[in-house]
Amino acid sequence: MAAASLGAVLLLGVAAGIASGLFGVGGGILFVPVLAILLGHDQIEAEATSLLAVVPVAAVGAWRQRGYGNVVLPHGIALGSVAIVGTAVGVIAANALPERALEIGFSMLLLFVSARLLRKTLRDASPRTPTGADAKQPR
Amino acid sequence: MVPLLILMLGYEPSVATGTSLVAIVLIATAGTAAHVGYDNVRYLDGLLIGTPAIVGVLLGTWLQQRISGFALTISFCALLTAMALWLLLP
Numbered sequence: 001m002a003a004a005s006l007g008a009v010l011l012l013g014v015a016a017g018i019a020s021g022l023f024g025v026g027g028g029i030l031f032v033p034v035l036a037i038l039l040g041h042d043q044i045e046a047e048a049t050s051l052l053a054v055v056p057v058a059a060v061g062a063w064r065q066r067g068y069g070n071v072v073l074p075h076g077i078a079l080g081s082v083a084i085v086g087t088a089v090g091v092i093a094a095n096a097l098p099e100r101a102l103e104i105g106f107s108m109l110l111l112f113v114s115a116r117l118l119r120k121t122l123r124d125a126s127p128r129t130p131t132g133a134d135a136k137q138p139r
Numbered sequence: 001m002v003p004l005l006i007l008m009l010g011y012e013p014s015v016a017t018g019t020s021l022v023a024i025v026l027i028a029t030a031g032t033a034a035h036v037g038y039d040n041v042r043y044l045d046g047l048l049i050g051t052p053a054i055v056g057v058l059l060g061t062w063l064q065q066r067i068s069g070f071a072l073t074i075s076f077c078a079l080l081t082a083m084a085l086w087l088l089l090p
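First to last, the sequence lines map onto chains A and B. By our numbering, the letter at position 87 of the first sequence is numbered 87, and the numbering carries on one by one without gaps. By our numbering, the letter at position 67 of the second sequence is numbered 67, and the numbering carries on one by one without gaps.
Hints are supplied without guarantee of correctness; some may be wrong.
[To be verified] Okay, derived cross-link-like pairs now, SDA-like style, lysine to any residue, Cα gap no bigger than 25 angstroms in a straight line:
#1 Lys120(A) with Ala33(B)
#2 Lys120(A) with Val55(B)
#3 Lys120(A) with Tyr38(B)
#4 Lys120(A) with Gly69(B)
#5 Lys120(A) with Met8(B)
#6 Lys120(A) with Glu99(A)
#7 Lys120(A) with Leu58(B)
#8 Lys120(A) with Leu109(A)
#9 Lys120(A) with Asp39(B)
#10 Lys120(A) with Ile29(A)
#11 Lys120(A) with Phe106(A)
#12 Lys120(A) with Thr81(B)
#13 Lys120(A) with Ala36(A)
#14 Lys120(A) with Ala78(B)
#15 Lys120(A) with Ile74(B)
#16 Lys120(A) with Tyr43(B)
#17 Lys120(A) with His75(A)
#18 Lys120(A) with Arg42(B)
#19 Lys120(A) with Pro90(B)
#20 Lys120(A) with Ile54(B)
#21 Lys120(A) with Gly105(A)
#22 Lys120(A) with Thr29(B)
#23 Lys120(A) with Gly10(B)
#24 Lys120(A) with Val41(B)
#25 Lys120(A) with Val36(B)
#26 Lys120(A) with Arg66(B)
#27 Lys120(A) with Gly37(B)
#28 Lys120(A) with Met108(A)
#29 Lys120(A) with Ala59(A)
#30 Lys120(A) with Val72(A)
#31 Lys120(A) with Pro52(B)
Since the hints were derived computationally from the structure, they do not count as laboratory data.
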């Protein structure tokens with residue numbers, strides 16, 4: 001591998017870790033494209049290798065967050081255990097479906113979740129939702 | 001996981017992210033095991049990307065304690081949207 005590529009992989013690895021710590025994601029959101037684009041993995045290899053890398057990263061992140069008092073351990077364990085069933089179905093689906101379908105499906109999920117989260121955050125941040133009537137008759 | 005905890009269980013964003021990481025350890029372990037069965041894992045590349053990410057996660061959790069929940073959630077939404085658009089590119 002060229003030195004520039006190696007440098008990019010290492011830098012993006014650090015960036016993925018920062019995203020993991022900040023946002024509570026595994027880091028796969030960056031690992032997968034880095035593995036696919038810079039290291040030449042196909043989509044399934046990138047997803048599988050990303051999952052392997054996520055294990056120690058999430059473990060270190062969870063350990064730090066526990067120190068900061070940001071972990072509800074029983075909920076995390078319960079959620080993870082339930083989701084393992086979903087992961088098993090996901091791995092089978094990833095092997096059965098065309099890659100483009102996986103990409104489009106995942107994109108739609110991300111956009112939907114982002115919109116819902118944005119709406120809630122903005123609603124919580126404002127004391128109440130303004131309406132047309134409020135605009136006409138401000139108090 | 002984080003949106004689920006915030007939207008459905010009413011978690012504070014930072015607690016949602018910390019709790020999510022616990023769940024992710026379990027999920028990623030199981031997912032890796034399943035992919036090993038399909039021979040999809042490239043171990044050296046996993047090490048190559050995972051090692052710098054451990055440094056990153058220490059930085060990220062440290063940084064998170066210093067920003068507001070609002071800023072955290074808005075930037076999370078931006079990240080999700082950017083990823084979705086990137087994936088949609090042909």
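Quick rundown of the hints versus the structure:
1. Distance restraint check for lysine 120(A) and alanine 33(B): the Cα-Cα separation of roughly 36 angstroms exceeds the 25 angstroms cut-off, and the hinted pair is therefore not satisfied.
2. In summary, the hint linking lysine 120(A) to valine 55(B) is not supported, as the alpha carbons are separated by about 32 angstroms, beyond the 25 angstroms threshold.
3. Pair hint lysine 120(A) plus tyrosine 38(B) does not hold up; C-alpha atoms about 40 angstroms apart against a cutoff of 25 angstroms.
4. For the suggested pair lysine 120(A) and glycine 69(B), the alpha carbons sit about 12 angstroms apart, so the restraint of at most 25 angstroms is met.
5. As the CA atoms of lysine 120(A) and methionine 8(B) are separated by approximately 11 angstroms, the hinted pair is consistent with the 25 angstroms bound.
6. Annotation: proposed proximity of lysine 120(A) to glutamate 99(A) is violated, straight-line Cα distance about 32 angstroms (limit 25 angstroms).
7. Between lysine 120(A) and leucine 58(B) the alpha-carbon distance is near 28 angstroms, which puts this suggested pair outside the 25 angstroms criterion.
8. Restraint check for lysine 120(A) and leucine 109(A): the C-alpha separation of about 17 angstroms stays at or below 25 angstroms, so the hint holds.
9. The straight-line distance between the Cα atoms of lysine 120(A) and aspartate 39(B) is roughly 41 angstroms, outside the 25 angstroms bound, and the hint therefore fails.
10. For a cut-off of 25 angstroms, the pair hint linking lysine 120(A) to isoleucine 29(A) stands: about 23 angstroms separates their Cα positions.
11. A threshold of 25 angstroms between alpha carbons decides the hint, and for lysine 120(A) with phenylalanine 106(A) the separation of about 21 angstroms falls inside it, so the pair holds.
12. The straight-line distance between the Cα atoms of lysine 120(A) and threonine 81(B) is roughly 16 angstroms, inside the 25 angstroms bound, and the hint therefore holds.
13. A distance of roughly 34 angstroms separates the Cα atoms of lysine 120(A) and alanine 36(A); the hinted pair therefore is violated under the 25 angstroms criterion.
14. Proposed proximity of lysine 120(A) and alanine 78(B) is supported: the alpha carbons are some 14 angstroms apart, at most 25 angstroms.
15. Between lysine 120(A) and isoleucine 74(B) the CA atoms are separated by roughly 11 angstroms; this keeps the pair inside 25 angstroms, and the hint holds.
16. Restraint check for lysine 120(A) and tyrosine 43(B): the C-alpha separation of about 40 angstroms exceeds 25 angstroms, so the hint is violated.
17. Restraint check for lysine 120(A) and histidine 75(A): satisfied, since their Cα atoms lie roughly 22 angstroms apart, inside the 25 angstroms limit.
18. For the suggested pair lysine 120(A) and arginine 42(B), the alpha carbons sit about 39 angstroms apart, so the restraint of at most 25 angstroms is broken.
19. For a cut-off of 25 angstroms, the pair hint linking lysine 120(A) to proline 90(B) is broken: about 31 angstroms separates their Cα positions.
20. Distance check on the hinted pair: lysine 120(A) and isoleucine 54(B) sit about 31 angstroms apart at the alpha-carbon level, beyond 25 angstroms; violated.
21. Proposed proximity of lysine 120(A) and glycine 105(A) is supported: the alpha carbons are some 23 angstroms apart, at most 25 angstroms.
22. The straight-line distance between the Cα atoms of lysine 120(A) and threonine 29(B) is roughly 31 angstroms, outside the 25 angstroms bound, and the hint therefore fails.
23. Distance restraint check for lysine 120(A) and glycine 10(B): the Cα-Cα separation of roughly 10 angstroms lies within the 25 angstroms cut-off, and the hinted pair is therefore satisfied.
24. Using a Cα cut-off of 25 angstroms, the hinted pair lysine 120(A) and valine 41(B) is violated, with the two alpha carbons roughly 38 angstroms apart.
25. Taken as a hint, the lysine 120(A) and valine 36(B) pair is broken in the structure, with Cα atoms around 39 angstroms apart against an allowance of 25 angstroms.
26. A threshold of 25 angstroms between alpha carbons decides the hint, and for lysine 120(A) with arginine 66(B) the separation of about 22 angstroms falls inside it, so the pair holds.
27. Distance restraint check for lysine 120(A) and glycine 37(B): the Cα-Cα separation of roughly 40 angstroms exceeds the 25 angstroms cut-off, and the hinted pair is therefore not satisfied.
28. As the CA atoms of lysine 120(A) and methionine 108(A) are separated by approximately 19 angstroms, the hinted pair is consistent with the 25 angstroms bound.
29. For the given pair, lysine 120(A) sits about 29 angstroms from alanine 59(A) by alpha-carbon distance, which is inconsistent with the 25 angstroms threshold.
30. Our distance criterion of 25 angstroms between C-alpha atoms is met by lysine 120(A) and valine 72(A), whose separation comes to about 22 angstroms.
31. Taking the CA atoms of lysine 120(A) and proline 52(B), the gap is near 34 angstroms; set against the 25 angstroms cutoff, the hint is violated.
Violated hints, listed in ascending order, are 1, 2, 3, 6, 7, 9, 13, 16, 18, 19, 20, 22, 24, 25, 27, 29 and 31; each of the other numbered hints is respected by the structure.
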